[in-house]
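A.B. asks: Sequence:
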Amino acid sequence: MIAKGTGFVKGKKQVAGKKLAYHLKYLQYRPRGSEETREQRFFFGAVEDHVDRKDIQEEIMAHTSRAVSYHRFVLSPSQEEPILDWMEWTRAVMRDLEHYKGQALHWYAIHHTNTDDPHIHVVLAGSGEDYQSGQPSPVKMLTKDKSPGGRDDWEFLRARGREHSEYEHYQHLQATLQKLDREDPLIHPMQRSALTRDAERSHTQKGWER
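Counting with UniProt numbering, you get residues 1 to 210 for the letters of the sequence shown.
Hints are computed from structural coordinates only; laboratory data are not their basis. Note that the structure is a prediction, hence the values are computed from the model and not measured. Glycine included, each C-beta is placed from N, C-alpha and C at the ideal position. Hints may be right or wrong, so weigh each one.
Claimed, not checked - Calculated pairs, DSS-like style, for lysine-lysine (alpha carbon to alpha carbon, straight line, at most 25 Å):
| # | residue 1 | residue 2 |
| --- | --- | --- |
| 1 | K101 | K140 |
| 2 | K144 | K101 |
| 3 | K10 | K140 |
Claimed, not checked - Ranges of calculated distance between the beta carbons of each label pair, as one might list FRET restraints:
| # | residue 1 | residue 2 | range |
| --- | --- | --- | --- |
| 4 | E58 | H99 | 20 to 30 Å |
| 5 | R151 | M87 | 22 to 32 Å |
| 6 | D117 | E168 | 13 to 23 Å |
| 7 | E163 | P138 | 22 to 32 Å |
Construct all of the structure, not just a fragment, from the sequences and the given hints.
C.D. replies: Here it is in C-alpha cells:
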C-alpha cells in the first residue's frame with residue numbers, strides 16, 4: 001500500500017486557485033488507460049458520487065489556511081490488497097483520517113486506471129473544522145519525527161488502506177491454494193478451481209491480471 005504526498009500549495013489565494021483549477025483539469029483529462037473511458041474519469045467526495053471541477057475548486061478554496069491552501073496525495077494499494085469498490089474504499093480511509101486527526105476534512109478524489117497500478121488522487125483542503133471546538137483549524141499532513149510515538153499520517157493511511165481492502169481474504173485464498181498445491185491436485189480439483197476463480201476476480205476488480 002502506497003500513500004504519499006505529491007505536493008501542497010500555499011501562498012496568495014488567487015494564484016493557488018488557478019493552480020488548483022489546472023491540477024483538477026489535468027487529473028480528469030490526463031491520458032487514460034486503454035480500457036478506461038472518459039465517463040469513468042470523474043471526481044467524487046465524502047458524499048457526492050459525481051462532482052464538477054468548478055464546485056470542487058470553490059469548496060477547497062473556501063477552506064484554506066495560512067499554512068497551506070491544499071494538499072495533494074496518492075493512495076495506491078498493492079497487488080495483495082484488492083479493492084472491490086474504489087469509491088467506498090476511499091471514503092472509508094478518509095473517514096478514518098478525519099477521526100485520527102480530530103477534524104472534519106474537505107476532500108475530493110478521482111480514480112485512475114491508466115497505469116499497471118490503479119490508484120486514487122486526493123485533493124485535501126488546508127483547513128478543516130476541529131471536532132471539539134467546531135472552529136476552523138489548519139490541516140497538516142505529518143511525517144513521523146524521531147521522537148517516541150511521533151505521528152505519521154502517511155503510515156496511518158497505508159495501514160487503513162490495507163485494513164479496508166480485501167487483503168485478508170486474498171491472503172487466505174493464496175494460503176489455501178498453496179496448501180492444495182502441496183497435496184495431490186486430483187483430490188480437490190473442484191475446490192481448487194473455485195478458489196482460483198475467486199482469486200482471479202479479486203485481481204480483475206482491482207485492475208490486475210494474473
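A.B. asks: Each hint should be assessed against the structure and marked as holding or not.
C.D. replies: Verification of the supplied hints:
1. K101 x K140: Judged against 25 Å, a Cα distance of about 9 Å means the pair holds.
2. K144 x K101: holds (14 Å)
3. K10 x K140: holds (12 Å)
4. E58 x H99: 20 to 30 Å: holds (26 Å)
5. R151 x M87: 22 to 32 Å: holds (27 Å)
6. D117 x E168: 13 to 23 Å: Because 21 Å falls inside the window, the suggested range holds.
7. E163 x P138: 22 to 32 Å: Once the Cβ atoms are compared, 27 Å apart, the range 22 to 32 Å for P138 and E163 holds.
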